[in-house]
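**Student:** Protein chains in written order, with our numbering: chain F, 181 to 533; chain G, 181 to 533; chain P, 11 to 93; chain A, 11 to 93; chain W, 562 to 811; chain H, 562 to 811; chain D, 1414 to 1596; chain B, 1414 to 1596.
Please note that the accuracy of each hint is not assured.
From the derived model, a few chain P residues whose C-beta atoms are all more than 12 Å from chain D [as the list claims (entries may be wrong)]:
#1 R17
#2 K28
#3 I49
#4 K52
#5 A87
Derived CB-CB ranges, DEER-like [to be verified]:
#6 W:G792 - G:V222: 16 to 26 Å
#7 G:G381 - H:Q793: 33 to 43 Å
#8 W:R781 - F:Q405: 33 to 43 Å
#9 P:A21 - D:A1514: 55 to 65 Å
#10 W:E600 - G:R380: 29 to 39 Å
#11 A:E25 - H:K602: 28 to 38 Å
#12 G:V222 - H:Q793: 45 to 55 Å
#13 D:P1501 - F:R226: 32 to 42 Å
#14 D:P1501 - G:T373: 44 to 54 Å
#15 G:R380 - W:G792: 50 to 60 Å
#16 W:R781 - G:E228: 24 to 34 Å
In the DSS-like style, the derived pairs of lysine-lysine whose C-alpha atoms are separated by at most 25 Å in a straight line are [stated by the list, open to error]:
#17 B:K1571 - H:K704
#18 W:K704 - P:K39
#19 D:K1571 - W:K704
#20 A:K39 - H:K602
#21 F:K379 - H:K704
Note that these hints are calculated values from the structure, not bench results. Cβ atoms here follow ideal geometry from the backbone N, Cα and C, with glycine treated the same way.
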Amino acid sequence: MSERVLMNGNEAVGEGAIRGGCDCYFGYPITPQNELTAYMAVHMPRHERVFVQAESEVAAINMVYGAAGAGARAMTSSSSPGVSLKQEGMSYIAGAGLPMVIVNVQRGGPGLGNIDPAQGDYFQAVKGGGHGDYRLLVLAPASVQEMHDFTAEAFDLADRYRNPVMILADGRLGQMMEPLTLRTREPERVEKTWALTGKRGRAQNIVRSYFSVEGVLEKNNLALQEKYRRIAEAETRADCYRMDDAELALVAYGTCARLAKAVARACRADGLRVGVLRPVTLWPWPTEILRSHLDRLKQVLVVEMSAGQMVEDVRLAVEGAVPVHFHGRMGGGVPSVTGIRAKADEIMGRISR
Amino acid sequence: MSERVLMNGNEAVGEGAIRGGCDCYFGYPITPQNELTAYMAVHMPRHERVFVQAESEVAAINMVYGAAGAGARAMTSSSSPGVSLKQEGMSYIAGAGLPMVIVNVQRGGPGLGNIDPAQGDYFQAVKGGGHGDYRLLVLAPASVQEMHDFTAEAFDLADRYRNPVMILADGRLGQMMEPLTLRTREPERVEKTWALTGKRGRAQNIVRSYFSVEGVLEKNNLALQEKYRRIAEAETRADCYRMDDAELALVAYGTCARLAKAVARACRADGLRVGVLRPVTLWPWPTEILRSHLDRLKQVLVVEMSAGQMVEDVRLAVEGAVPVHFHGRMGGGVPSVTGIRAKADEIMGRISR
Amino acid sequence: MAKPKKRYRLAVDRERCKACGLCVAYCPKAVLELSRDQINAKGYPYVEVVKPEACIGCQSCVWVCPDCVFELYEVSAEEGARP
Amino acid sequence: MAKPKKRYRLAVDRERCKACGLCVAYCPKAVLELSRDQINAKGYPYVEVVKPEACIGCQSCVWVCPDCVFELYEVSAEEGARP
Amino acid sequence: MSETPVYTRPETLTDRPMAYCPGCGHGIAQTLLAGIIDELKIRERIVGVAPVGCAVETYNYLDIDMSEAAHGRAPAVATGIKRARPDLVVFGYQGDGDLASIGLAEIMHAANRGENYTTIFINNTIYGMTGGQMAPTTLPRQKTQTTPLGRDPETTGHPMRMCEIMATLDSPCLIARTATDSVANIRKTRALMLKAFRYQMEGRGFSFIEILSACPTYWRLSPKDSMDYIGQTLVPVFPCRIFRDRGAES
Amino acid sequence: MSETPVYTRPETLTDRPMAYCPGCGHGIAQTLLAGIIDELKIRERIVGVAPVGCAVETYNYLDIDMSEAAHGRAPAVATGIKRARPDLVVFGYQGDGDLASIGLAEIMHAANRGENYTTIFINNTIYGMTGGQMAPTTLPRQKTQTTPLGRDPETTGHPMRMCEIMATLDSPCLIARTATDSVANIRKTRALMLKAFRYQMEGRGFSFIEILSACPTYWRLSPKDSMDYIGQTLVPVFPCRIFRDRGAES
Amino acid sequence: MKDERVIFSGTGGQGLMFIGKLFAQTAMEFYPHVTFMPSYGAEVRGGTSHCRVVLSGEEIASPVVEIADSIVVMNQPSLDRFLPALQPGGRVVYNASMVQAPDMAGGAAIGPPATEWALAMGDIRVANVVMLGAYVRLVGIFPFETADRAIADFSAAKGPDAQALNRQALKRGWDAADRVESA
Amino acid sequence: MKDERVIFSGTGGQGLMFIGKLFAQTAMEFYPHVTFMPSYGAEVRGGTSHCRVVLSGEEIASPVVEIADSIVVMNQPSLDRFLPALQPGGRVVYNASMVQAPDMAGGAAIGPPATEWALAMGDIRVANVVMLGAYVRLVGIFPFETADRAIADFSAAKGPDAQALNRQALKRGWDAADRVESA
Ligand SMILES: Cc1ncc(C[n+]2csc(CCOP(=O)(O)OP(=O)(O)O)c2C)c(N)n1
Ligand SMILES: Cc1ncc(C[n+]2csc(CCOP(=O)(O)OP(=O)(O)O)c2C)c(N)n1
Ligand code: SF4
Ligand code: SF4
Ligand code: SF4
Ligand code: SF4
Ligand code: SF4
Ligand code: SF4
Ligand SMILES: [Mg+2]
Ligand SMILES: [Mg+2]
């Protein structure tokens, strides 16, 4: 049987990466993800893999670009301000079609903000904080176990689609400890015929996103869009908790999804039909999954640690079919179970009226 | 009467900034906006104002942050990859509530892409490419005249709201020359009691976005959201061209809006009721203005040089009331009048059926 | 008669003290000690002036203290000293 | 009899030439000139070997040419030279 | 009985207790800074730029106008302020992670442009704020959170000596390294900082004062041992001297 | 009649004509590079990193595996490649804007870590690709698009001498500046580049070859005058010499 | 199996994280669901710091303790802040050296003068372990031997002297907990 | 007032931007709406380059010339690329030194050997001005004197020799345009 240990989310990500076959980690310290960098500093060398503390987030993301281009499973992690610095690099990686994993343990913003948990980087992660038309595959874990599992799996997904995968977590998930069952599954390996290995008898390989000849860049764009369609088709995931007969859906991801579940449980105990739809992939967003519940739903309440960024994706999914409400906090504030419940009651009151 | 000159859009921005009272310009070369940096190199010193070629886009945005903090009207400009590098800085500026103007003369992406015109940075500009909950006021000029006028006005807007203002243009608008009437209006000046001037007898001023004491950052967030509400109320703008009786609305901004107008004219000539709704502010997006036409509209066609990023805002506005179509090109490709017309015809065909 | 020995008073802002002990270590006259039984609101056993009379006003404590705990005054016994 | 003078042949890839003139300037024997009336597909009046016999094979043209226009061969008149 | 003040707390220093660890060198440097601002009577026309690092909230301790800067970008922010308002006295206060790692390009270019402001560089060979990771100035074999077996120069490089690097540039007017490990050295440090501000006020351009400074917490030494460590272990790698003094030359 | 080849085009060079301006130094350097790759027989195990600059499409001319890098980040990209695949021979090819301006932190830190790869640094004192703006290496009074009255060292700084800066770091094994302004110097340049690759293959770590190189277009000089300008005007500011050679020392 | 939600709080240097983590780790043997949540406080030094441990038989939706079953407070601000979060009948372990006895309507309170005792033991840093000892006895999840073994394991790396000191501090706290002040 | 939409095209170094801009600037006196659109080509040197000028009595919706009234082409790839964009009856001015005479169904074509002439005049760089001269005459918007004044103004900064050479080149082109090949 597999091991059960008490770990915090950051360390769980680190161990998940190692078990997911991460060959190279490039990081730069920032709270609240330092335990991850520290974990990699200890454990990557023990596995004879590469750990480099880069001189900055910009350097780290470009080291990842280099290592991924050379065919390695490469990863970086940071928190909000540091992830902003990586946006040019993310766009390059997406444009060049390189697989890699990036972890954002979000903190309060904008600016230096604070180091408490937040979900204010949703737009950046999901719509694209860098320039040009590209998408990250964004996974949103909600427990230390998922921090571990999703990270390991992210490497497989990245390789499968030659696409960057982001683990979008928050300071709470990074810092909290929970018992964790360590992953034993082997990574899926794909052959990387496109990688830089020295040309060794074949035609030259080039890792590039620059296409100066008219029309060629657009072809690359169309191919990317086609890939995104495939990803959306195959990889969209959500976790539905008691949604079958729900009249009110709480839509929340990550830390907020745990809270939403507690609220749903309490509501159910009071005889109220409340369910939770938790997007597991934030991009592709589980639009169809939410839509499949629209016939029964009367209200939707989005719970976030932001000004309501995900509300847009929820509204795009329901297209006016039911009212979409929002309860959230910002700047490191985390919604409370009582706060969410109060909002839910307010909405349910409307339902019964 | 005011002067009429032949200028390209980049130079028009430069002269607009100077006439808008820009005290300090910090830039770094990148195509297709080099003429702007070059213009400032020549003309800012002539007006005894500050021109600095920064060592990078990161340095440039942080110089702007410094100068704006000291009360100056400050500006930077770049093109897509360079703007991505500025995302951390933008978030800091927004968080600290500093007024400034940033110009993005977009090019093909993602990555190094190419230097042809594109609108693939819409999400970055409008949703926030940096971390945390913040908003830029985004203006989208569609002519060399507007490149000039909007830039000048941007400084007033920035000061009025202590908020960064972005001019979101593209390579075509930057490079094309048109005759231009130079602005003669005086800039609006506001007193900056919050600026760093040495404390001079008052309590210390601090330019900051870091609030480590629990709850204080959230207060800053709430104040920002309240400001965004005020901006949305007062500054939302769109240009409606023959929308009064339109059954098909073409929704497009910047370069694409010019093309859309030509298509609308041609359609009208053929007796088809086609109008153009051109958002002038991309954030705040003119949701209500589009909604006010929903009773007559049968179809909406969004035209963009992207994979359809603005489509989301259009869909959020119409909420399923009418079908929203898309025609676009990417990677430096620019839709043609004929291509848009063909799509419009296809849609109108559906209408008549 | 020998030059009259100058006298000094150290004003200690206890609440600022973090008991780092640098002043104690650098005081040439063992004037200072960390408290053995008292702590301030932050929980530090703050510095105490245990031999005030030994102080020679050298300011070592002042200079090394990272928390600017001290002020130093020269005390002149002015009992009709200046006519 | 004096050591027989070596002979060389320069192969010129006209289409690569951009008429920068560096080879002309650095050739010690004035072997090369830019064309006065011919241009290549890119519109450059490409380099011509006007005095092939004067070439001493010094490779100066080869080294300075930024566009790798030249190849250089030593030509040996082998009419029964080696028995 | 009457009392003559020999030393009183600088007026520029606020009453707020500093949030640094016991024995931290930031406290010494900032107390000096406050005193210098008093002495030069520039409290009403100085603007400071705080780093991202343990000293981020310096504005809580110095009662002057201040700006935060993104991590490493204090030189760009200071450039922006000073170019916009050349009448102000401007300083940047940066740690070794901030200045020598992420912000290396910015400090080098501000120095190279000869921006007329003063940099106070606190070299404690560690990332304090984030919990003790390797800095570019970390010593060989020094244990940190990211070099758990000690820094290995083969894979992570040798300590970067910023004054020496700085001295390859033509523009700076004053480049010096000093330490706060003894009363004498603290006094010297103050004199150098004072000179740097004077030079700025005379329009001489960029000045750079590197201060070897204790981080007892992540050196895992007592405050006193940290002081000794500076002299015994840091100074041999980072010699304390004046690398350039244009004022003395002219 | 038979012919013996004295010089034939390097096999590593593709047939595509180079898109550089007439007389551009990039062409000379890249032809040398191709020849060296042939000579060392490493075409099948070398990976190059192209800069953002006129040489961005170097992969069109060198028939080897290559990666683009974001502007200034070639050292980070090269680090990533080499760390992932230490068996490869890796080089970064960078211009002066790329390396000394936006990418200064990356090149310094890659050098300081002693990353075992080779940097070819093309110093043409200008931003070629973007139309002739000031670079950190632009000479005082040199006119560029962003210094229309000539570079003023008072406000824009003095030319940065990268070899001299590099030489303050302990790790690099070879640091040298050379030029391509004469046949002799081109040969010397080749020899230095060759040595750099040899050192890398011997595992000696980071090597740095700075090449003073012509940009006739933005110097607004003829190709021949550009060559003369290098020797007469550039070399006095950027002396050509070997700043460090660990191989020679040992 | 009753849920236990406890907050440990004090200033940055007082070692709250250490005892919280030790408690959570030890409780893993007794509860299927455990969360430990540090307050990682301001990035700068010296703020107050607390951590929360939740033990439950069921899936724990929130590691944040909004209503606490117990609070362990090392200084006055911690008590002031967290007492309102204590549910009626809850437990308070307070450091009597720095905290005034709480005014409680019910529940149990113990106030070992942990800082003084620790100073007396020669190392102020073991005050936290005194507190832990008292709390562990009060909450009654595992016996003294389990706690003793845990502290011994956790402090082994610090050397035998430190280990002995820690065990002594734990015992001191444990012993103190028979004098519960209010119930 | 008839709209004119013209494409100038050639390789990077052939000075197409210069003549396009000169033409647009001069035409501003004659048309209320003018756009000049360079192809700023690849960031690297040496690609083909073209620019487009639109003159109109009405607001110009698009500065992009999808269907051209005239094309001025300095090299063969330019002709090959833009001939399909020429509307029936349109004008072609081609550099006969480097471009084969186009196969046209109608319209007007002139082919001055501009490169050769320019080489003969001693500076290959004025080939563009030869082309401009021919085009300006062919399109007939303004008289020779206006064109001559414009080229004189534009080239004044380059010194009197260059100015004279440019004017001479313009004249050469203008004169060539009486031999229109097809109509
Ligand atoms: C972009 C970004 N990256 C990383 C961080 C996290 N961070 C905060 S302070 C710091 C380093 C502090 O070290 P140093 O500059 O040496 O200052 P010290 O705390 O030692 O005084 C880091 C990496 C951040 N806030 N922003
Ligand atoms: C982030 C970013 N900033 C700016 C640019 C624009 N840019 C392209 S090349 C270049 C400078 C090129 O100069 P140099 O490195 O000296 O190379 P050269 O062209 O002279 O060989 C710049 C600024 C870019 N592509 N990306
Ligand atoms: S002034 Fe000198 S003698 Fe007096 S207490 Fe301070 S250090 Fe000791
Ligand atoms: S140096 Fe200052 S903080 Fe340290 S013990 Fe002495 S008075 Fe207290
Ligand atoms: S090899 Fe020497 S002599 Fe022969 S053509 Fe070339 S440069 Fe002239
Ligand atoms: S050096 Fe090369 S490109 Fe230049 S003229 Fe000679 S052959 Fe042509
Ligand atoms: S961590 Fe180090 S640098 Fe930071 S406050 Fe503590 S002692 Fe000072
Ligand atoms: S612009 Fe300069 S560096 Fe670039 S290709 Fe032309 S000559 Fe070479
Ligand atoms: Mg430090
Ligand atoms: Mg260059």
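**Student:** Against this structure, judge whether each hint is valid.
**Tutor:** Structure-based check of each hint:
no.	hint	verdict
1	R17	holds (33 Å)
2	K28	violated (8 Å)
3	I49	violated (6 Å)
4	K52	violated (6 Å)
5	A87	holds (38 Å)
6	W:G792 - G:V222: 16 to 26 Å	violated (54 Å)
7	G:G381 - H:Q793: 33 to 43 Å	violated (58 Å)
8	W:R781 - F:Q405: 33 to 43 Å	violated (54 Å)
9	P:A21 - D:A1514: 55 to 65 Å	violated (34 Å)
10	W:E600 - G:R380: 29 to 39 Å	violated (19 Å)
11	A:E25 - H:K602: 28 to 38 Å	holds (29 Å)
12	G:V222 - H:Q793: 45 to 55 Å	violated (29 Å)
13	D:P1501 - F:R226: 32 to 42 Å	violated (50 Å)
14	D:P1501 - G:T373: 44 to 54 Å	holds (50 Å)
15	G:R380 - W:G792: 50 to 60 Å	violated (41 Å)
16	W:R781 - G:E228: 24 to 34 Å	violated (54 Å)
17	B:K1571 - H:K704	holds (17 Å)
18	W:K704 - P:K39	violated (36 Å)
19	D:K1571 - W:K704	holds (17 Å)
20	A:K39 - H:K602	violated (34 Å)
21	F:K379 - H:K704	violated (43 Å)
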